[in-house]
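Asks: Residues per chain, in single letters:
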Amino acid sequence: MPQKKIRFKFTKTGVLQYLSHLDIARMMLRALARADIRAAYSQGFNPKPKVNFSNPTPLGVESFAEYADILLAEHLGAQDFQYKLNRQLQKAMQVAEAKTVPGKCKSLMADIALVAYRFKLSNLKNMDRKADMQNWLEDKKELQNTIYRMAFYPLDQNLCLLKLYGYAKILKNQNNGIFKYNVFYDYMKDMAQEYSIKIESRAKEEMFVLRENKPKTPLEVI
Amino acid sequence: MDYVKRSELDMLLEGIQKPGRYIGNETGIKSKSLTQIEQNNMVLAALAFPDVYEMGMANLGMQILYDTINRRPDFHAERVYAPWMDFEQSLKQKGCHLFSLESRILLKDFHFIGFSLAHELLYSNMLNMIHLAGLKVRANQRQGFPLIGAGGPAAANPQPVSAFLDFVVIGEAEELILEIMARIQSYRAKHMDKQDMLTDLSRLEGIYVPGMYRFYYHRSGKIQRIEPQKQVRKRIFENFSQNSMVRDPVVPNIHVVHDRLAAEIMRGCPRQCRFCQARCIYHPLRARKEKDLAQDIISGLKCTGYDELSLLSLSTADYKGLENLMERLKDYVMDRRISISLPSLRMESFSSGVEQLLGSGRKTGLTFAPEAGSRRMRKIIGKDMTQETLIRCIRSAFSKGWEKIKLYFMIGFPFEEDADILAIAALIQDVVHAAKAVLPAKRFRRLKIGVSVNAMVPKPHTPFQWAAQDSPQVLERKFSMIVKNVPKRAVKLNWTDPQKSRLEAALARGDARLCDVVEQAWRNGARFDNWTDLFDLDAWMKAFAELELPVDFYANRIYEQDEILPWDMIHMGIEKKVLLKQYQKAQQYAAEENSV
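Protein chains in written order, with numbering that gives the first Met the number 0: chain A, 0 to 221; chain B, 0 to 595.
Keep in mind the hints are simulated off the structure, nothing from the lab.
In this text, a Cβ means the ideal position worked out from N, Cα and C, and glycines have one as well.
Check the hints yourself; a few may be wrong.
Think about it this way: if two alpha-carbon atoms lie no more than 16 Å apart in a straight line, the pair counts; the simulated EDC-like pairs of lysine to aspartate or glutamate are [what the hints assert, rightly or not]:
hint : chain 1 : residue 1 : chain 2 : residue 2
1    : A       : Lys197    : B       : Asp334
2    : A       : Lys90     : B       : Glu226
3    : B       : Lys17     : A       : Asp35
4    : B       : Lys447    : B       : Glu387
5    : A       : Lys47     : B       : Glu307
6    : A       : Lys47     : B       : Asp334
7    : A       : Lys188    : B       : Glu53
8    : A       : Lys4      : A       : Glu96
9    : B       : Lys580    : B       : Glu559
10   : B       : Lys301    : A       : Asp35
11   : B       : Lys29     : B       : Asp66
12   : B       : Lys329    : B       : Asp295
A partial selection of chain A residues facing chain B, derived with a Cβ cut-off under 7 Å [unchecked claim]:
hint : residue
13   : Leu18
14   : Ala24
15   : Arg29
16   : Ile36
17   : Glu96
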């Protein structure tokens, strides 16, 4: 049987942020079945469709960058795949991009090195943004060496975007730790209270693999 | 019409364990927009299931009524499930009333709230939901809309919850629900008084209005008379066989029990097990045609994307067209690796053809329900099956690769003796021996046969409705006899807390005075009584004591054959004298056996 791999990126927004990784995976498999897209199956007593998902997004966080690889048991172009699948998915969960994997590729879970979160913050007058935040983070042992990069982008006088890139795996020669979202977010809530900042929204924005030390999205490297 | 906004929902869900229970947005929901609802002045029904989402989503009745109502352009139904403890706290802390899943409309703004009562241990949750909706739990303290009704097996004797309900649906609601909705529509136009609404509703076949009945008691606590004497006849959905099943049911977002497509192939049961309430409630026997079913099932699988199918009925192996149905489904099902489970497959008609088809997919568990261990006991309870057939079937199941096998037994039947209990242990042993004979040693060593033992609960509208339940002490002793006599390595025994079974029996056979107990138990904190770790026996026992009503009067007493029963005003489709004859038959058989 001809087998083709497609890598696709999808969203998990709105109230769907309250669903777990397993729930989302199950929903995706059912949508695939409704679209009558045939996946290849694993061998053995309890055969499972060959669909592999990227690193789980924490409960309560919207995501604009969930990834999955599917091994198809039929010929289907990436565009057709995206179109057929999106018709069976709800608005809050849509395939944003799909690409046929031409050759071999590393599994998402093994390859993804960075996760980018985005926080919208308001009422920042009491804080010198980056400096304060970095000072404040310094003594948080559990978070040390788990953040790859952090940047603030002012949107208007009172609104600011914080982009944070956390490590998703241990890298060679980096002496890094794995970024724990929930730990970070708990501290962030404390800090918000301390400086009376308001956290307007939070979301997972993108995930990256590293190629020659440069972040690339999983779809850029196939 | 008030509703909870998205930002408010986010606040309510902060720190909640399983927020997915409360967000709606599933595949297959049929919600109309709030503007549509308001502009068209639709009649709003809240379909309520008094257990947590994961349990409630498995209820077929909810899916059927949800579909039936929402097909109508002028009616609208939304669902609501019992909030878990943490969400109840969150609602209370934020001063928010309970709301529906789809559009988050406050429950108190619906015209009608219909509870589905699957079993008696949901009563406290029903009260809690009414309270969390911001409504008074007592029907006579509520004015106007919403009208609150209930239906389902635990409403077959509505007395213990009669004070909380404006009306009760007796029997099948597929057609009745639309008649109720249409009436409500006309009441709204006429601005009718609640009393007049209920009087009018009571004219529909299958509607019991508790407020219209009075009970008089003897000093002994037994019922002296019920006024009026007029019986409410069960509503039967005559069109069942021709009517297609729900083809696009709501597919849950989170994992629920029985997470699969359920196809009701047959309603009613040709068997006459004397303890079984379902047999009477779903009487008479009606079957759907294989051709229609096959079509509906395939379109159901297409609409939902489920990879598992369950054929539902009280006795699937008695469905004549089973082989034919499987044949029709074969290509679609095997092509997509859909597994089929038959929960109540009767072993005596377990043909090899069906087995083969089932065996081709992913193997689900097999359940067998011999209920009793001895031939004598099976005769008394009306379960016509022999030990030979059972062992033969299980042997063949093992040899064909099934290893997940579950056996169901009941103890505490009337006329039961210790020998009958020992026979259960012996039967389990025989099953283990059969497994040992058939399975290779390696597979036998990791085998675990699930055995579930439950106490018999005498249920209204069954031949055993007059029988007493054994006391918890007697039940414990009988159960320990089984424990001592089965090989523990190959068997996993499961057993229901006999105190819980006793409460279930008391509520099942209770009269209207138990309403006070139910309310008091709920006030004492009873919730989720069917959840082993949440069941609060104290809350209930205190309530019984406070109201000076003895539990054993309801649970552990033989009801007299000429006694007026609390549910005598309900006609479930089988005459009381027929049930009594069945009970006497069992009695007679037991007496004859003893004299030999």
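Asks: Confirm or reject each hint.
Replies: Now for the hints, and whether the structure bears them out:
no. : hint                : verdict
1   : A:Lys197 x B:Asp334 : 53 Å, violated
2   : A:Lys90 x B:Glu226  : 56 Å, violated
3   : B:Lys17 x A:Asp35   : 30 Å, violated
4   : B:Lys447 x B:Glu387 : 21 Å, violated
5   : A:Lys47 x B:Glu307  : 13 Å, holds
6   : A:Lys47 x B:Asp334  : 14 Å, holds
7   : A:Lys188 x B:Glu53  : 31 Å, violated
8   : A:Lys4 x A:Glu96    : 14 Å, holds
9   : B:Lys580 x B:Glu559 : 14 Å, holds
10  : B:Lys301 x A:Asp35  : 8 Å, holds
11  : B:Lys29 x B:Asp66   : 8 Å, holds
12  : B:Lys329 x B:Asp295 : 14 Å, holds
13  : Leu18               : 5 Å, holds
14  : Ala24               : 11 Å, violated
15  : Arg29               : 3 Å, holds
16  : Ile36               : 10 Å, violated
17  : Glu96               : 22 Å, violated
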